[in-house]
Amino acid sequence: MEAIRVEGLTKDFTYYTKEVGVLNSLKNLVYRKTLTKHAVRDISFSIGQGEMVAFLGPNGAGKTTTLKMLSGILHPTGGHLSVLGYKPYERKKEFKKRFAIVMGQKSQLWADLPAAESILLNRYIYQVEEQAYRRTLDELVELLDVSHVLNVQVRRLSLGERMKMELIAALIHKPELLFLDEPTIGLDVVTQKRVREFLAYYNEHHRTTIILTSHYMKDIQDLCQRALIINDGRLVYDGSLNQVNGASAGSKIVKLKFADYVDPDGLGAFGTVRQSDGYQATLEIAKGQINAISRELLELFPVEDITIEEKPIEEVIVSLYDRKIPV
Amino acid sequence: MKAWHGTMKSYLQIYLRFIKNCFIAQMEYRTNFILGIAVEIAYLFSKLLYVVVVYETDLHIGDITPDGILMFVGTYTMMTGLYAGLFFTNFVRISDYVRTGELDLLMVKPVSLQFIVSLRYIDLGMPIPNLAAGITMVAIGWHALGIPVTFYHIAIFVFYLLSALLITYGLMIIPSILSFWFVNTGGLAGIFYAIWDANNMPMPIYSRLIQRIGVYVLPFLVITNFAPMTVMGRLDGGLMVWGVLAPVLLLAAVRQMWKQAIKNYSSASG
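Protein chains in written order, with the working numbering: chain A, 1 to 327; chain B, 1 to 270.
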């Protein structure tokens with residue numbers, strides 16, 4: 001059964017620019033040149049019930065705007081959309097009771113109160129029966145292992161604990177559909193993993209449809225089989241995550257910082273040198289060789305610092321373009 | 001009817017949670033809570049100087065005696081307390097919700113957005129001095145004027161105070177609603193605060209034209225004048241009806257304005 005169907009969805013925003021300076025501010029007072037940004041252009045897709053789908057794309061690609069249209073926060077400029085059988089922009093109460101949204105950069109919890117109070121408030125807002133509320137709360141608190149901080153003021157919680165509380169507050173009414181907008185942003189690696197494990201478990205046990213936006217590839221690899229990639233407002237890829245992984249799987253980015261000058265020419269033998277000024281260098285190295293080459297680099301050069309990163313999503317998208325994978 | 005009753009009940013439950021939450025949060029910052037009351041008391045004293053001047057100079061406005069004026073100033077003080085406690089904190093936040101996109105998370109809640117945005121925060125400290133002083137002034141004026149303390153008189157006074165409360169909500173939220181279009185409406189809010197303060201004297205002090213505008217166009221003058229005027233027997237039948245109609249019409253207009261504003265909401269990035 002379909003949870004979401006989107007056809008030809010578009011969203012335009014109008015805005016204006018202002019040149020630097022006082023004179024331009026005065027000009028701006030009487031005349032503003034209005035410009036239009038096409039944030040989402042003619043996107044179509046459908047998502048089945050219980051699916052867990054990743055929305056990928058660089059910053060400003062249109063992921064969040066699409067999510068906001070799916071949740072009824074924004075009115076679309078054009079196209080058709082149906083979410084759980086409702087038109088989200090009509091913002092019907094029955095519809096709102098059936099989904100939840102968690103935004104990594106925004107909080108629905110009141111910082112001065114213990115999270116338990118905000119969660120209880122949601123019980124009244126969503127009209128959850130006392131017994132069901134108790135059952136769900138106990139389950140979520142146990143799964144996320146936060147019983148010891150439930151009664152601590154939110155502003156005293158770590159970012160990871162706060163995000164877990166956000167998830168509990170969002171799931172207390174057992175939504176059928178969950179939108180997650182950058183839920184792991186700013187979290188440490190261990191907490192990211194914990195949150196991912198929780199989402200995977202929740203999706204499997206409750207058959208909740210989950211739409212996850214992220215610009216971290218790693219975020220969704222463990223969770224989603226399917227990815228929708230949005231770039232510049234357009235849907236550039238809709239399909240298996242394996243292919244996306246394939247496009248990013250070939251190599252990793254190794255960043256090096258040296259204590260002394262290192263001749264950039266000497267680094268070419270270890271991988272593709274993307275950038276080097278003698279004291280810092282960025283190399284692209286095949287994934288299979290990462291361990292061996294890292295060890296060699298550490299032995300042969302005065303390495304002060306080394307970081308290994310995934311390829312940026314922007315590059316993965318370019319690779320997908322190059323492969324001409326059909327949408 | 002049953003559904004409406006159920007909805008009212010659940011909104012009341014939510015509102016009680018709001019009050020409880022606000023109480024807990026404000027108790028977290030005891031110093032701020034006490035300082036807030038202290039500042040309000042100081043502000044109140046500056047306003048009470050008006051009363052001193054009224055009595056010292058034996059000021060009469062038309063045929064309203066200083067005791068009568070005290071009833072108006074008392075009503076104004078009470079209403080200021082109620083406005084500060086129930087609405088002010090919420091209304092000043094609305095433009096921030098729009099600017100930062102915080103409205104997004106409130107918008108997806110299955111309750112009226114206007115309700116949650118405009119009534120979420122209740123300041124429990126600030127209104128105390130104003131309410132206490134206002135009630136005292138009204139009581140003194142009431143007694144001095146020899147107005148009978150009957151159920152009818154008290155009920156009609158409270159009724160027009162409620163009408164005033166609804167008008168306060170409807171008028172003072174307007175600058176905040178306009179922030180959906182203009183984002184920052186601090187200038188307009190400043191004008192509204194100034195008009196509010198012009199309300200601390202009985203309306204006969206103003207010209208007929210200003211009274212007409214203040215009663216029928218932007219009904220600021222209804223807020224502090226109608227309640228004392230009814231018990232003083234100065235409100236004619238037409239104005240009594242207007243005191244009932246004005247809040248209904250104003251709230252209906254504000255509701256329409258709110259709906260348009262929400263349609264216009266474009267969220268913020270991120």
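Mixed in with the good hints there might be a few duds.
What the hints assert, rightly or not - Cut-off 25 Å, straight-line C-alpha distance, at most; resulting in silico cross-link-like pairs (SDA-like, lysine to any residue):
#: 1; chain 1: A; residue 1: K87; chain 2: B; residue 2: F182
#: 2; chain 1: B; residue 1: K20; chain 2: A; residue 2: G85
#: 3; chain 1: A; residue 1: K37; chain 2: B; residue 2: I262
#: 4; chain 1: A; residue 1: K97; chain 2: B; residue 2: F182
#: 5; chain 1: A; residue 1: K106; chain 2: B; residue 2: H5
#: 6; chain 1: A; residue 1: K18; chain 2: B; residue 2: I116
#: 7; chain 1: A; residue 1: K97; chain 2: B; residue 2: G187
#: 8; chain 1: B; residue 1: K109; chain 2: A; residue 2: Q221
#: 9; chain 1: A; residue 1: K252; chain 2: A; residue 2: D138
#: 10; chain 1: B; residue 1: K20; chain 2: A; residue 2: R274
#: 11; chain 1: A; residue 1: K252; chain 2: B; residue 2: F182
#: 12; chain 1: B; residue 1: K109; chain 2: A; residue 2: G85
#: 13; chain 1: A; residue 1: K93; chain 2: B; residue 2: W4
#: 14; chain 1: B; residue 1: K20; chain 2: A; residue 2: K252
#: 15; chain 1: A; residue 1: K92; chain 2: B; residue 2: A3
#: 16; chain 1: B; residue 1: K109; chain 2: A; residue 2: K252
#: 17; chain 1: B; residue 1: K109; chain 2: A; residue 2: Q49
#: 18; chain 1: A; residue 1: K92; chain 2: B; residue 2: G187
#: 19; chain 1: A; residue 1: K37; chain 2: B; residue 2: N264
#: 20; chain 1: A; residue 1: K87; chain 2: B; residue 2: G187
#: 21; chain 1: B; residue 1: K263; chain 2: A; residue 2: H148
#: 22; chain 1: B; residue 1: K9; chain 2: A; residue 2: T136
#: 23; chain 1: A; residue 1: K93; chain 2: B; residue 2: G187
#: 24; chain 1: A; residue 1: K93; chain 2: B; residue 2: I140
#: 25; chain 1: A; residue 1: K93; chain 2: B; residue 2: F182
#: 26; chain 1: A; residue 1: K106; chain 2: B; residue 2: A252
#: 27; chain 1: B; residue 1: K20; chain 2: A; residue 2: Y133
#: 28; chain 1: A; residue 1: K311; chain 2: B; residue 2: F115
#: 29; chain 1: A; residue 1: K33; chain 2: B; residue 2: I19
#: 30; chain 1: B; residue 1: K20; chain 2: A; residue 2: D12
#: 31; chain 1: B; residue 1: K109; chain 2: A; residue 2: R135
#: 32; chain 1: B; residue 1: K109; chain 2: A; residue 2: E182
#: 33; chain 1: A; residue 1: K92; chain 2: B; residue 2: H153
#: 34; chain 1: B; residue 1: K109; chain 2: A; residue 2: K37
#: 35; chain 1: B; residue 1: K259; chain 2: A; residue 2: L150
#: 36; chain 1: B; residue 1: K109; chain 2: A; residue 2: L150
#: 37; chain 1: A; residue 1: K93; chain 2: B; residue 2: V254
Keep in mind the hints are simulated off the structure, nothing from the lab.
For each hint, the structure was consulted:
1. A:K87 with B:F182: The given pair, whose Cα atoms are some 28 Å apart, is violated under the 25 Å limit.
2. B:K20 with A:G85: violated (37 Å)
3. A:K37 with B:I262: holds (20 Å)
4. A:K97 with B:F182: Cα-Cα ~31 Å, so violated.
5. A:K106 with B:H5: violated (34 Å)
6. A:K18 with B:I116: violated (35 Å)
7. A:K97 with B:G187: violated (38 Å)
8. B:K109 with A:Q221: Distance ~31 Å between K109 of chain B and Q221 of chain A Cα, so the pair is violated.
9. A:K252 with A:D138: Measuring from Cα to Cα gives roughly 41 Å; hence the hint is violated.
10. B:K20 with A:R274: Given that 25 Å is the threshold and the Cα spacing comes to 58 Å, the pair is violated.
11. A:K252 with B:F182: violated (47 Å)
12. B:K109 with A:G85: Since the Cα atoms of K109 of chain B and G85 of chain A sit roughly 18 Å apart, the hinted pair holds (cutoff 25 Å).
13. A:K93 with B:W4: It holds: about 14 Å lies between the C-alpha atoms, which stays within 25 Å.
14. B:K20 with A:K252: Violated: K20 of chain B and K252 of chain A sit about 53 Å apart, past 25 Å.
15. A:K92 with B:A3: Status holds; Cα separation ~16 Å.
16. B:K109 with A:K252: Violated: K109 of chain B and K252 of chain A sit about 42 Å apart, past 25 Å.
17. B:K109 with A:Q49: holds (22 Å)
18. A:K92 with B:G187: violated (35 Å)
19. A:K37 with B:N264: holds (16 Å)
20. A:K87 with B:G187: Violated, at about 38 Å.
21. B:K263 with A:H148: At roughly 42 Å apart (the allowed maximum being 25 Å), H148 of chain A and K263 of chain B break the hint.
22. B:K9 with A:T136: holds (24 Å)
23. A:K93 with B:G187: violated (35 Å)
24. A:K93 with B:I140: violated (49 Å)
25. A:K93 with B:F182: Violated - the C-alpha atoms of F182 of chain B and K93 of chain A are around 28 Å apart, more than 25 Å.
26. A:K106 with B:A252: violated (32 Å)
27. B:K20 with A:Y133: Roughly 19 Å between the alpha carbons, so the hint for K20 of chain B and Y133 of chain A holds.
28. A:K311 with B:F115: With Cα atoms ~46 Å apart, K311 of chain A and F115 of chain B exceed 25 Å; violated.
29. A:K33 with B:I19: Cα-Cα ~46 Å, so violated.
30. B:K20 with A:D12: violated (42 Å)
31. B:K109 with A:R135: Judged against 25 Å, a Cα distance of about 22 Å means the pair holds.
32. B:K109 with A:E182: Status holds; Cα separation ~20 Å.
33. A:K92 with B:H153: violated (44 Å)
34. B:K109 with A:K37: This hinted pair is violated, its Cα atoms lying about 28 Å apart.
35. B:K259 with A:L150: With Cα atoms ~37 Å apart, K259 of chain B and L150 of chain A exceed 25 Å; violated.
36. B:K109 with A:L150: Distance of about 22 Å is within 25 Å: holds.
37. A:K93 with B:V254: holds (21 Å)
Hint compliance for this structure: hints 1, 2, 4, 5, 6, 7, 8, 9, 10, 11, 14, 16, 18, 20, 21, 23, 24, 25, 26, 28, 29, 30, 33, 34, 35 are broken, all remaining hints hold.
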